[in-house]
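Once you have looked at the hints, place chain B on chain A.
So the sequences go chain by chain: A and B.
My numbering numbers the first residue of the first sequence as 1 and each following residue consecutively.
My numbering numbers the first residue of the second sequence as 1 and each following residue consecutively.
Treat the hints with care, since some could be wrong.
[To be verified] Examples of chain A residues toward chain B, derived with CB under 8 Å: (1) Asn8; (2) Leu10; (3) Leu41; (4) Ala47; (5) Gly49; (6) Ala64; (7) Gln67; (8) Arg69; (9) Leu72; (10) Met75.
No lab work stands behind these hints: they were computed from the structure.
Glycine residues also receive a C-beta, built at the ideal position from the N, C-alpha and C atoms.
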Amino acid sequence: MKSKEFDNILDECLERLLVKGETIEQCLQSYPEQAAELEPLLRTALAAGKAVDFQPRPEFRAKARYQFRAALREMEGGGRHSLFGWFPRWATSVAIVLVVLVAGSGTVAAASNSMPDSPLYSVKLATEQVRLVLTPSPLGKAEFCASLADRRVEEILYAAGKGNPRQVERVTRELDVCLTRLSSLASSQGEKGGVTLAPAPAPAEVAPESTDGGERTYSHGNNQLKLKLALKHHAQSHPAALREKLKTVPPSTRAALLRAIAVSEDGYEKALKALD
Amino acid sequence: MQNEESLVQRARQHDQEAFAQLYEEYFDKIYRYVALKIGDRTEAEDMTQQVFVKALRSISSFRWKGRPFSAWLFRIAHNLIVDHLRKRSRRATVPLAESMPAGDGDPQQAVERRLDIDRLALATRHLTEAQREVISLRFAGELPIAQVARVMGKNEGAIKALQHSAIAALRRALRTQGNEE
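Just chain A, with the same shape it has in the complex (with noise of 0.2 Å):
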């Protein structure tokens, strides 16, 4: 028997087999005369077919969903738009510069302490892009990027107090753009090779300043290791203090909290591999 046609009886049996759902048997019934051949084929066809069937892990898949809808979004707005309408964002926190050195920083001192639901809440955030702009180095703008997460996890759990989903979206993605970034900085950091990082401390005995307003900071003396430190008590906390709130908040609030949960918890995992 000629080659081809063995191929092709073969490629049939798998048909019939990963996609119909019949058995070896069946098949071989059908071509008794290639049986010998066509059956050891088809047992390890059908044992890979069933090590392949495995499915991404729920919250992988929650949160990649989460982050194509975005993207979708995003595509759809052309762009991320800030307080000022139809201003990108660069736009938002030139005009922020500009507003701090002409009028003063009352605005932006009382925008400090805004929540998402507040109308300054825009202008807190072009302001934290400002100071990230102008902090000098990798390791700040990464230590900067931490305080942000905090930030933005205690947004989360008010605005999911509030019973507001839609915020909690919005900040859930702000969220993810800040320990994006903070992967990518903390990469950066590991490809320069610059500081070698010692076993650390298990999380609850090392966790990061707080200051009054319950942000935390880091010291222009720190280095990676305590950035390390800071992100493991966050990777942590953060997550062990969304799923609390998940038992209070109503039903409309659950799925937008989960998947801030999701963001979290991947969001660490990723920024401390980066540093690994």
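Just chain B now, with coordinates in the frame of chain A:
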């Protein structure tokens, strides 16, 4: 799913819902294809997302012309994997088997399934690149022969022959593993 061609047409015209349906249809298949080829959970997750973001950005340039959407999408995945493997860093990987859910069902079955995936991933390393591609597209991507041929730029006869040799090589590799254990 609605007629795929009409969905793709709508997606090209920035219909979010149409693209979302295509995404749901292909997400698991692309993930499994990427995971089997890369053999690392975290990297496979990142890359699966990249595939869809790239598809989203390029959909306006897609022309049906007899080439199905799936072939185009898997081609994007293939190209990203090639780039990725070329640049692959030395960072530690998370074995594919760890992506298997362990909490549900019979623990013994879960363990056996993990062993199956590990064995399969290991065995595919003994295949040629083309054989590995056929196995990944056919079994993980669940593509029919005609579409595998489209992705790989070969005729169906050549792909059937490659499929035959790939399964035979896989069988030999799995038997060798069995003898070594």
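Against the structure, the hints come out as follows:
no.	hint	in the structure
1	Asn8	6 Å, holds
2	Leu10	6 Å, holds
3	Leu41	5 Å, holds
4	Ala47	7 Å, holds
5	Gly49	5 Å, holds
6	Ala64	5 Å, holds
7	Gln67	7 Å, holds
8	Arg69	7 Å, holds
9	Leu72	5 Å, holds
10	Met75	6 Å, holds
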